[in-house]
Each structure stands twice: as C-alpha cells, then as structure tokens.
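Enquirer: Between the sequences and the hints, there should be enough to build the whole structure, so can you do that?
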Amino acid sequence: MARVLLFGPLRDLAGWRERRIDAASVAVLRSVLAAEDAALGAALGGKGVQVAVDQAVVRGDVALGADSEVAFLPPMSGG
Amino acid sequence: MARVLLFGPLRDLAGWRERRIDAASVAVLRSVLAAEDAALGAALGGKGVQVAVDQAVVRGDVALGADSEVAFLPPMSGG
Amino acid sequence: MSIRLTEAPFDPGALLTAFSQGRTETGAVATFTGIARAEAGATAVLELEAYPGFTEAEIGKIADQARERFGLHDLAILHRVGRIAPGEPIVFVATAAGHRRAAFEACDFLMDYLKSRAPFWKKERGPDGERWIEPTAQDHADRDRW
Amino acid sequence: MSIRLTEAPFDPGALLTAFSQGRTETGAVATFTGIARAEAGATAVLELEAYPGFTEAEIGKIADQARERFGLHDLAILHRVGRIAPGEPIVFVATAAGHRRAAFEACDFLMDYLKSRAPFWKKERGPDGERWIEPTAQDHADRDRW
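Protein chains in written order, with my numbering: chain A, 1 to 79; chain B, 80 to 158; chain C, 159 to 304; chain D, 305 to 450.
Quick caveat, the hints were computed from the structure, so don't treat them as lab data.
Beta carbons are placed, not taken as given, at the ideal position from N, Cα and C, and that holds for glycine.
Careful: at least some of the hints might be erroneous.
To be verified - Label pairs and their in silico Cβ distance ranges:
| no. | chain 1 | residue 1 | chain 2 | residue 2 | range |
| --- | --- | --- | --- | --- | --- |
| 1 | A | 38 | C | 169 | 46 to 56 Å |
| 2 | C | 229 | B | 141 | 43 to 53 Å |
| 3 | A | 60 | C | 219 | 15 to 25 Å |
| 4 | B | 118 | D | 306 | 32 to 42 Å |
| 5 | A | 60 | D | 306 | 54 to 64 Å |
Expert: In structure tokens, the structure reads:
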C-alpha cells in the first residue's frame, strides 16, 4: 500500500491530502486514481505536475514498493 | 574664542582634540595654529582636509564668531 | 547551516541575535525578512503548504550552491507554513561571509529562489474567496538574473 | 527613520525585532550587520571616531536620498564609535520597502556609502602598533556602482 500525497490545488480538487492505495507502479497508481476521479486523473497528468517517490522527483514510470511514498507536486509557487 | 576640533590623524599629530582659540576667521586660525606647530599647520592645509564651521563644510575663508565651532576633518575613512 | 520550516509565528530579530553571535572571522551578515502584506487594506490571509522533508531538502540543494558560489561562512533559513496573518514574517534568510558583497548577493540569490521555485504552494484567502497563487513575472525575472 | 551612534556594544537582533514589528504594509525588510573581524588571528582592536552631530547629519542626507530613490517605508542605522573588539558589531542598517528588490538595493547602497565616505576616522591597533585606515579600492569601487 503506497502512501499517496497530494499538494496545493491537487489536494483541493481531490478533496483529500493523503491516502493509502495499492499500486505496483506510478502508472498503475495514475490509472487507479483516474478510474475513480476523472478530473483528478487529468489534473495529475497536467502541465508542470511532478511526481516524487520517496521524496525524490522521478520521470516516467517507476515501480512502487509496499512502503513507497508517492507525492504529486503541482507547479511550485515559491514561498 | 572659537572652539577648535581636530579629528583622526590630525588629532594624533597635534596631541590635542579640542581647544579654545581666539581668531577672527578660519585663515587667521590657520596662521595661529601654524605659528605654534608648523607640522600641524602644514597638515591642516593637506590634501583632502575639509573645514566645517558650526557643523557645515565651508570653502575658503570664513569669519568666526565668539561661539563658532571649527572642525578640521581629514579624509574620511568610512565606518 | 540551518534550514527549517515552522507553523508558529517567529521573531526575525531573535534569529539574527543567534546567527550573529560569536563570529570573530565573519565581517558581514545580511538578512532578509519577508512579511505578509495587508495588500492595501484587504484582510488577506496567506496559507502556505510545504512537503515536509522534501521542501527542506530542495532548499538545502540551493543553499549548498549559494555557500559554494558566494563563499559563505554560514547561512540560516526559516520559512513559515500554514496560515499567516498580515504583518507576520513569512521567511527569514541570513548569510554570513567575510565581506559584504558576498553576504548581500547570497541573501538576494536565496530569496529569488525561495520566492520563485521553492517547493511551496500558496493560497490567499481574501474577502472575495480563496485562490492559489503562482510566482509573478517579476519573481521569474528576478530568478533569471542568476 | 533612525540614525544613531553608540559607544556601547549592541545586539543587531534586538534592533531587527524593533524595526520589523507592526509593519502590515511592508513586505520586505533587509538588514546588514558589519562585524569587526579578527583578521586571521591578529588581535586588532578598531577605534572609530565620529564628529557627533555632523556625522549623523551627513548620514541623514544619504539616508534621505535612499528613501527617495528606493521608495523606502523606513530605515534605521546604528553605528558604533570608540573601541571595538573583534567579533563585535560595528554597524547595523535596516531598510523596509514594499518589495524585496528595493529593500536589498537600498541597504547595499547605504552600506557602500557608510564604508567609503561617511564621516568616520578609523584606527586599527594590532600587535605591530596602530595605524589610521583609509577606504579600500574595493570600497571606492562599490560606492561608484551607484
């Protein structure tokens, strides 16, 4: 069960900030999320949205372990 | 009796910081000081030494009143 | 080097006191404090979100760049997260260097990064509701100077 | 606006605390603290002389220029005079503005003036005796940027 985190506008759109979801990879996770919330699925693939696995930004698909932390990071606003 | 102030290296050279001296103008004051200490007299006319009368920088000769404050300001070093 | 996030209001002066003490070889300490503006009377409340751990680590990478590039002796960064009321400090950056040019430039560089690209998400709540904020064109232009 | 000289050691943090409080319209506070360096282990003691009244007035003229040129909301300058031991703050400058570029530039501008042309006379007492110090070529170059 990966720990999935949403930040900023993605959190507002989804209505949650953190959930545990069973997914073997980031691509599978995207499918799971898009299946239950099409608007969120589209937003997660939106321009400038980065994905971090275990606090490191990754590109493309990445396998997830049982304790992986996956964060979807919309464009950063600065402080 | 004008109040005469020396700053920085001029004070070290003269060996005093403040004195009361009777002089009707800055030029007269310079003559009085040079007559008793030739090295100081030369230094007061040195490059970059400014004169302030009553805390305002003056150029050339200026008449002095009984309560005038005359300051000889060597080149400023900044803080 | 200290990089921290805090949910509580802070006093930038207390941070400068701690940062400037006992520095016999440091000639220059520059600081910057960013304060939440009331925006001409509108009672806007900022809400800043970070990704704890990730945000400090990303700031740390830029801080390491700054230390190398400007030859800093030390630096400190404290950033508020959560709800921030007008008049409250949002961010404090302090830099220590041998001479003032390096201290100023490093502080300026760090602020340009923090304001334009650091991992924060910023929401403003005003009388007309709430909105997520993106960096301004000026923020991007400032960042591009380096 | 506050421009002061002091013979006593001071804490720059306490000055920043006072300066940054209650500023709901100020987005940016920049500060600079100059600290007496030990100069690589030589136990040098600085001695700074000012012309009380004249020195504050001359600094005030430049401070007025800075307020106008950079649109400052406020500024504060405190400068030590007398004997200053290594590690002690010599000068503190704080600037408050709507945005950070103005606050940084004004602080930088004021420091360049203070270090190169302000009415102080500076003597250094080290193991090899004492000497009067002139501004460095770098100080003049910094000043000429404005």
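Enquirer: For every hint, state whether the structure bears it out.
Expert: Results for each hint:
no.	hint	result
1	A:38 - C:169: 46 to 56 Å	47 Å, holds
2	C:229 - B:141: 43 to 53 Å	49 Å, holds
3	A:60 - C:219: 15 to 25 Å	22 Å, holds
4	B:118 - D:306: 32 to 42 Å	41 Å, holds
5	A:60 - D:306: 54 to 64 Å	58 Å, holds
Comparing the model with each earlier hint shows no violations; every hint is respected.
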